[in-house]
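Kindly produce the complete structure, drawing on both the sequences and the hints.
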Amino acid sequence: MVNHPGCTFTRHVREILLGRPLVTDDSPLEPLDWLRRLPNITTLKLTGYPVLPGAMTEIPDIEPRLGRLPCLTTLSLHGITFVTLAAFISMLSMLPDLLDLNLQNVCINDTRIENKVSTVLRIPTDILSKLGRLHLCLLENSSDALVLLLPTLLSAKLVRYPPITEVHLQLPRSEAEVTLHLCELLRRISSRLTTIRIRIGQHDVDAAELGRLEFAQFAQLRSFTVELLRTTLWLGDEWEDGLNPRNIGILLAALQAPTLHTLTIHLLVLDAPHGPGTHMSWESLDRCLDILPLLKDVRLIIHAPALDLDTATNRICELLPRAVSRGILRFGSG
1 MVNHPGCTFT RHVREILLGR PLVTDDSPLE PLDWLRRLPN ITTLKLTGYP
51 VLPGAMTEIP DIEPRLGRLP CLTTLSLHGI TFVTLAAFIS MLSMLPDLLD
101 LNLQNVCIND TRIENKVSTV LRIPTDILSK LGRLHLCLLE NSSDALVLLL
151 PTLLSAKLVR YPPITEVHLQ LPRSEAEVTL HLCELLRRIS SRLTTIRIRI
201 GQHDVDAAEL GRLEFAQFAQ LRSFTVELLR TTLWLGDEWE DGLNPRNIGI
251 LLAALQAPTL HTLTIHLLVL DAPHGPGTHM SWESLDRCLD ILPLLKDVRL
301 IIHAPALDLD TATNRICELL PRAVSRGILR FGSG
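Quick note: the sequence shown, position 327, residue 327 per my numbering, numbers continuous.
Keep in mind the hints are simulated off the structure, nothing from the lab. One should not assume that every hint holds.
Stated by the list, open to error - Now the in silico label distances, taken between C-beta atoms and shown as ranges:
1) Glu214 x Asp286: 18 to 26 Å
2) Ala86 x His261: 38 to 46 Å
3) Ser191 x Arg322: 26 to 34 Å
4) Asp97 x Glu283: 46 to 54 Å
5) Ser191 x Asn314: 34 to 42 Å
6) His168 x Thr42: 14 to 22 Å
Every residue, glycine too, gets a C-beta built ideally from N, C-alpha and C.
Following this line, the structure appears as structure tokens:
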């Protein structure tokens with residue numbers, strides 16, 4: 001119907017969502033040639049395989065089709081594979097007004113990415129020049145190339161850095177090199193960032209490099225969210241993270257941001273220790289929260305499968321007396 005010459009409603013369409021309803025559906029996404037009849041869409045969301053880490057969908061015609069969408073400001077790709085590095089860069093360069101980019105489990109299937117990208121391709125100096133929001137969800141072995149590419153795209157060779165103010169990162173199970181490149185990405189856009197959300201999950205993420213970020217230089221950062229951090233409310237009152245105790249370093253580093261207004265921590269509350277202590281006590285956290293003059297809202301989202309919410313919140317109030325006296329604590333359940 002979209003391709004019918006007499007069809008006129010297409011010029012009024014502003015948002016397109018295309019994907020598979022079932023993970024077991026292995027048929028290719030339909031060709032995107034019909035997008036040429038939707039020139040006014042502002043939001044496009046394409047989903048290949050939304051769940052399976054190893055199953056990605058190639059869309060060979062995505063690059064030329066997106067080049068015909070001059071009004072597109074929001075692009076979300078989930079479970080999509082680009083057959084070449086050139087196709088990915090060309091797609092981004094064709095979207096000069098892109099404001100919101102969401103890449104979840106996107107793969108660039110090109111071995112040349114391991115080389116210095118700038119020596120392989122000529123990157124347009126105005127690429128992503130208006131981007132304000134970046135969301136990266138990365139899975140193991142699916143997105144390493146993407147992580148290596150993005151800092152180069154945001155390099156000093158650009159006319160100016162994209163005005164990115166909001167970044168969401170869902171970290172992969174990875175080696176330190178991947179996290180190192182993510183940190184480089186954050187450093188290059190640090191001057192404008194107002195919101196950072198980092199999801200660690202329950203994988204063995206190497207977060208040590210993130211903990212070494214100099215958040216004191218994030219002069220505009222107002223909101224920081226971290227998920228999930230393991231903790232126990234008893235047994236010495238030390239924070240626990242049986243999978244990776246270095247994850248606590250991210251939280252401590254973020255508390256150096258001078259303009260931090262809102263801190264959100266998703267806590268997985270344990271009823272017994274599951275690993276070595278992280279040497280950060282609740283008392284230390286209480287002191288850190290107390291010295292941030294602009295901090296007005298500390299939200300603790302509690303995931304406590306073995307503990308009722310009231311018991312957990314009452315205990316946390318006992319452990320954070322300074323924060324309670326300032327009236328900055330907020331609680332929720334996850």
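Hint check results:
1. Glu214 x Asp286: 18 to 26 Å: holds (23 Å)
2. Ala86 x His261: 38 to 46 Å: holds (42 Å)
3. Ser191 x Arg322: 26 to 34 Å: holds (31 Å)
4. Asp97 x Glu283: 46 to 54 Å: holds (49 Å)
5. Ser191 x Asn314: 34 to 42 Å: Given range 34 to 42 Å: holds, Cβ gap about 41 Å.
6. His168 x Thr42: 14 to 22 Å: Between His168 and Thr42, where Cβ atoms are some 20 Å apart, the hint holds.
Violated hints are absent here; each numbered hint is respected by the structure.
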